[in-house]
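Visitor: From first to last, the protein sequence lines are chains A and B.
Numbering of the first sequence is given in the numbering used here, commencing with residue 1 and proceeding in unit increments.
Numbering of the second sequence is given in the numbering used here, commencing with residue 1001 and proceeding in unit increments.
It should be emphasised that the hints constitute simulated quantities derived from the structure, not laboratory data.
Each residue gets a CB set at the ideal place from its N, CA and C atoms; glycine is no exception.
A few of these clues could be false.
Which stretches of chain B does chain A cover? Using the computed rule of at least three CB atoms under 8 Å from a CB of chain A, they are [what the hints assert, rightly or not]:
| hint | stretch |
| --- | --- |
| 1 | 1195 to 1202 |
| 2 | 1319 to 1326 |
A partial selection of chain A residues facing chain B, derived with a Cβ cut-off under 10 Å [unchecked claim]:
| hint | residue |
| --- | --- |
| 3 | Leu138 |
| 4 | Ser158 |
| 5 | Leu165 |
| 6 | Asp179 |
| 7 | Gln248 |
| 8 | Leu249 |
Using 20 Å as the maximum straight-line C-alpha spacing, the simulated DMTMM-like pairs for lysine to aspartate or glutamate come out as follows [as the list claims (entries may be wrong)]:
| hint | chain 1 | residue 1 | chain 2 | residue 2 |
| --- | --- | --- | --- | --- |
| 9 | A | Lys169 | B | Asp1274 |
| 10 | A | Lys169 | B | Glu1316 |
| 11 | B | Lys1318 | A | Asp140 |
| 12 | A | Lys116 | A | Glu338 |
| 13 | B | Lys1192 | A | Glu275 |
| 14 | B | Lys1366 | B | Glu1111 |
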Amino acid sequence: MISATIDAHEQNSPLPYPRVVFINLALMTRTDQTPPASAASAAFAAGAPIFPHKHLLGIEGLNPLEIQGLLDLADSYVEQNRQTNKKKSILKGMTLINLFFENSTRTRTSFELAAKRLGADVINMQADSSSLKKGETLLDTAITLNAMHPDLLVVRHSESGAVKLLSQKVSGAVINAGDGQHEHPTQALLDAVTIRRRKGRLSGLLVAICGDILHSRVARSNIYLLSAMGATVRVVAPPTLLPSAVEQLGVEVFYDMRKGLVDCDIVMMLRLQQERMESSYLPSIREFFNLYGLDHDKLSVAKPDALIMHPGPMNRGVEIDSNVADDIHRSAIQEQVEMGVAVRMACLDALTRDLRNGGAQ
Amino acid sequence: MTALAFVNVRLIDPETRLDAIGGLIVKDGKIIAIGAGLRGGDVPAGVKVIDGRGAVLAPGLIDSRVFVGEPGAEHKETLASASQSAVAGGVTTIITMPNTKPVIDGVSLVEYMARRRSDDILVNLAPMAAATKKLEGREMTEIGLLTMAGAVAFTDGRAAVADASVLLKILKYGRMFDILVVEHAEEPSLSKGVMNAGELATRLGLPASSSLAEVILIERDIRLVEATGGRLHFAQVTCAKSLDVIRAAKARGLPITCGATPPHFALNELAVSDYRTFAKISPPLRAEDDRRAVVDGLRDGTIDVIASGHDPQDQEGKRLPFAQAAFGAAGLETLLPVSLDLYHNGDLPLMAVIDRLTRKPADLFKLPGGRLAIGAPADLVLFDPDVAVKIDADKFRGKSKNTPFDERPAQGKVLMTVVGGKVVFRQ
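Full structure from sequences and hints, please.
Guide: Printed below as a string of structure tokens:
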């Protein structure tokens, strides 16, 4: 596993950071088997650079060591968030703008909390209250906001590629909080932290991602992340909800959920995004629930301790049965929310390290 | 009008297959002498002599797919700016698309385009008219009157005539005037995506359309041609399956022709990686196998003509998230150098490349020109086919400078363009 990971790293990164490689290798032998604890936070406490990218726009293109670094850092924040004093001041004096062109209370709040717990000032901008409604283009908005010198911009947009486009016009670090059907990197990271804490590892796990793969940025980010970390990923969906050539992403494709879930360690459900469907992808919700809604019956073919996940918000009775969603022994849905804050703290921390170290690259 | 003589040029004429060093004399807008052995000493006194130093002298290019902003979208392109762009690219005739505001669907509008002459319009204009009123796909335009007014073909421009019964009637009725119908080969209900379907579209998370949209429409249209005998031209063919179908239709003797545009034979879908909107065109750039098939189609003659597909967009239309950005790219100034790649890569002889840019479109649209013949219009391009250049969009003469070919190394440079015996461009 370790040698395979190093190979992937060398392929993916033309300019590896020797020091980062060393640190992460030391961690990998340990964290791959057991949930990392204080050792991980100690390794990063010095504020050493751990993430050699200016922005976090997607998981695709990140190598396993970079992913591992973010996951380990997030783990250290989980402990902090469970203490009475949840606040640190490492981002003191910094400004974060939450720029949401698409509504999302959950993700926006999670970023806001993460930033505040690290001591940053937070401004929330919602598209419906901004000048976008008055016809201002995305790039004009970017240029305007950039003049306010935000150190971090968290951006959600309904169009794939919009966050990357915006990142080209701003000087601060940009975090993609979901762009169209492209990527949602912090969701994949928080899913990975959740899985790792429950299962002790990512490598070797069998993960089924089920439902509306076509419209899902969460599915894409998770496919990249889990594959990079050595898990086997299946997608389970009707053909009309699968993007073209999806098998080229390295996943196994199943139309039959009762076959797709066999022996799975993780069952990851997706929200059926009816708002993105301009034509008929399914005959009816009733038929979809019958074939692809997760219930105890379909779940019975998975491993007995299979973990159920959902990025939220859930459509109960559409892609998931309430009995399953609320099964505290099987469902990790609440934990995902908790890990979300820790992962976002880790991302804010990692992306500002250069800045806090005096802007050295 | 003054006479002009070219000497020491490599004459290439696709009609007579002439490829020889020699000279050519033009007078009063016509070619009056051509000779493989014609030298400076043979030129009558008082005629201005241009020494080509061995550069190629060929018929001026006839570009059969040009979207002009005038009337209605002059901020993108005017006829004057398009003509500047054209002559800089060695193009002497532009066949204009009817997608303007207003749509070119009436007699006075066709006459406006066909008779439009002014000092700042440097090229020959040959307008296509809309096949249906307002390009709405419902009622045919006044095909007879528009033909008499100067429409060289009928098309709904960026869209196919979706309703088969409407196209059937247009092809049937149009036979009285031997019209050519030009189709954008994509079935509308299957082409709502913004790029080619496949792994890249899935990774980019963009709505995609497969080449199925094209093949289905082409198959349908071929049946309509078979039923009516009307002449039909597919403006841009982009994939292997379409070419198989067209090859078979041609073998059956049907009056079917097709074209290709440089992006579809010089680039593949990877050009839109990183959401590069300048490579967002319609039909979309396809997979590499399809690109190779287009090259093969040009080589074996299944593809009759090369057109630029010039469809410039302003910055505002392109600096948007990919799905929202406009389709289209400028193409007049890259038509020749990118087409010459086919020759430099060994895919087509130089003669064949020139043929698909000159004589073939002239014959298809029944235009004068496209050959070096005594009495033919003195529409000429003098170019060096070998000199290395780097395409530089900032230097384009058109109004909108978006191109997927910016900074691409190429070989071939236009040195001089002559329209109607007049030098309209000189490097």
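Visitor: List, from low to high, the hint numbers that the structure doesn't satisfy.
Guide: none
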